[in-house]
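Input sequences plus hints: build the corresponding full structure.
Chains as they are written, first to last, in our numbering: chain A, 57 to 193; chain B, 27 to 202.
These are calculated hints, taken from the structure and not from any lab test. Among these hints, one or two may not hold up.
In silico DSS-like cross-links for lysine-lysine, where the CA-CA straight-line distance does not exceed 25 Å [claimed, not checked]:
#1 B:Lys56 <-> A:Lys58
#2 A:Lys133 <-> A:Lys58
#3 B:Lys32 <-> B:Lys131
#4 A:Lys61 <-> A:Lys117
#5 A:Lys133 <-> A:Lys115
#6 A:Lys61 <-> B:Lys131
#7 A:Lys114 <-> A:Lys61
#8 A:Lys115 <-> B:Lys56
#9 A:Lys133 <-> B:Lys56
#10 A:Lys114 <-> B:Lys32
#11 A:Lys117 <-> B:Lys56
#12 B:Lys75 <-> A:Lys190
#13 A:Lys133 <-> B:Lys131
#14 B:Lys75 <-> B:Lys85
#15 B:Lys56 <-> B:Lys85
#16 A:Lys58 <-> B:Lys85
#17 B:Lys78 <-> A:Lys190
#18 A:Lys133 <-> A:Lys114
#19 A:Lys58 <-> A:Lys117
#20 B:Lys78 <-> A:Lys61
Pairwise CB distance ranges, derived in the manner of DEER restraints [to be verified]:
#21 B:His38 <-> A:His193: 16 to 24 Å
#22 B:Gly113 <-> A:Ile187: 37 to 45 Å
#23 A:Ala59 <-> B:Phe30: 26 to 34 Å
#24 A:Lys190 <-> B:Ala115: 26 to 34 Å
Beta carbons: idealized from backbone N, C-alpha and C, even for Gly.
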Amino acid sequence: MKAVKFIIAGILFGIIMTKSEAISWYRIQEMFRFQSFHMYGIIGTAVVLGAIAVALIKKFKLRDFNGNQIVFADKAKTWPRYIVGGTIFGMGWALTGACPGPIFVNLGYGFSVFTVVIASAILGTFAYGFILRKLPH
Amino acid sequence: MMEFIKEPWPWHISGVLIAGVMILLFFFGKSFGFSSNFRTICAMCGGGKQCKFFDFDWKAQRWNLMFLVGAVIGGFIASTWMSNGEGVAISQATIADLQILGIDKPDGLQPSELFSWNTLTTGSGWIILVVGGFLVGFGARYAGGCTSGHAICNWVFYRRSVYIICHSPLDSRIIP
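Right under this line is the structure:
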């Protein structure tokens, strides 16, 4: 039962990402060329509504379905990893037209060649694990 | 109703629904972040023996792997029962730009010139699928998160880091 609720949340995510066309290489090209509001509208709406939800959860100290208080972990306030890492990530996003979630949604959609992208992304993560000490964070 | 299911959804509906999934995960006691799954897969495959970064209790991340399985199923459901099969309605400016690169006007969700197995026999296909995938995996972990974790979730947490990560992908737009 515990697993089922996460699978259902994932199914909803996959359907929404497909129906919003956020998994389309065309939409990502359009976004990175600043030629449409579509992707910015999706991310912007999610961010604003999410911010309101987080503020309400904090204000009313809401609890999750297990009865535990919902807490939000702080991210380290540092610059290099976000600028350098974000740029590397952005280049990959522009090339494949898919960030990690949509890579898997595309596979389900029927584009089996995304298994190659998945394997490469795992390899990329593995490579990062090996050289992370040598990188500025 | 049938039309709504078959047609692409406008950005405002999509944005509201994605926020809904994120909030649902909060109430499941979890935080949205898809790219962590790549690290988990490395750990599952025994990466912890070779590298400390992958030496952690990956079983605590099983919920996220279930979410991943769901995302694949969701893509299948949407393509099988919820698609009108029409090309993505991108702007004329983008269509013109892509034509210069040899990519035709959209006739589906993805350009078949790029996302087929034949693509792997070409140099640009390798760059897009293999190098692109590698950069996504490497960059997401370096930055400590991908679009779902940083752009959506952390922005929400009022972290200044998000401004950087949201802007840096935009600065790095490149032509394939």
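Status of the hints after comparison with the structure:
no. : hint                              : verdict
1   : B:Lys56 <-> A:Lys58               : holds, 12 Å
2   : A:Lys133 <-> A:Lys58              : violated, 34 Å
3   : B:Lys32 <-> B:Lys131              : holds, 21 Å
4   : A:Lys61 <-> A:Lys117              : holds, 23 Å
5   : A:Lys133 <-> A:Lys115             : holds, 23 Å
6   : A:Lys61 <-> B:Lys131              : violated, 39 Å
7   : A:Lys114 <-> A:Lys61              : holds, 24 Å
8   : A:Lys115 <-> B:Lys56              : holds, 19 Å
9   : A:Lys133 <-> B:Lys56              : holds, 22 Å
10  : A:Lys114 <-> B:Lys32              : violated, 38 Å
11  : A:Lys117 <-> B:Lys56              : holds, 16 Å
12  : B:Lys75 <-> A:Lys190              : holds, 20 Å
13  : A:Lys133 <-> B:Lys131             : violated, 43 Å
14  : B:Lys75 <-> B:Lys85               : holds, 16 Å
15  : B:Lys56 <-> B:Lys85               : holds, 14 Å
16  : A:Lys58 <-> B:Lys85               : holds, 14 Å
17  : B:Lys78 <-> A:Lys190              : holds, 14 Å
18  : A:Lys133 <-> A:Lys114             : holds, 21 Å
19  : A:Lys58 <-> A:Lys117              : holds, 24 Å
20  : B:Lys78 <-> A:Lys61               : violated, 31 Å
21  : B:His38 <-> A:His193: 16 to 24 Å  : violated, 37 Å
22  : B:Gly113 <-> A:Ile187: 37 to 45 Å : holds, 41 Å
23  : A:Ala59 <-> B:Phe30: 26 to 34 Å   : holds, 30 Å
24  : A:Lys190 <-> B:Ala115: 26 to 34 Å : violated, 45 Å
In the structure shown, a violation is registered for the earlier hints numbered 2, 6, 10, 13, 20, 21, 24, in ascending order.
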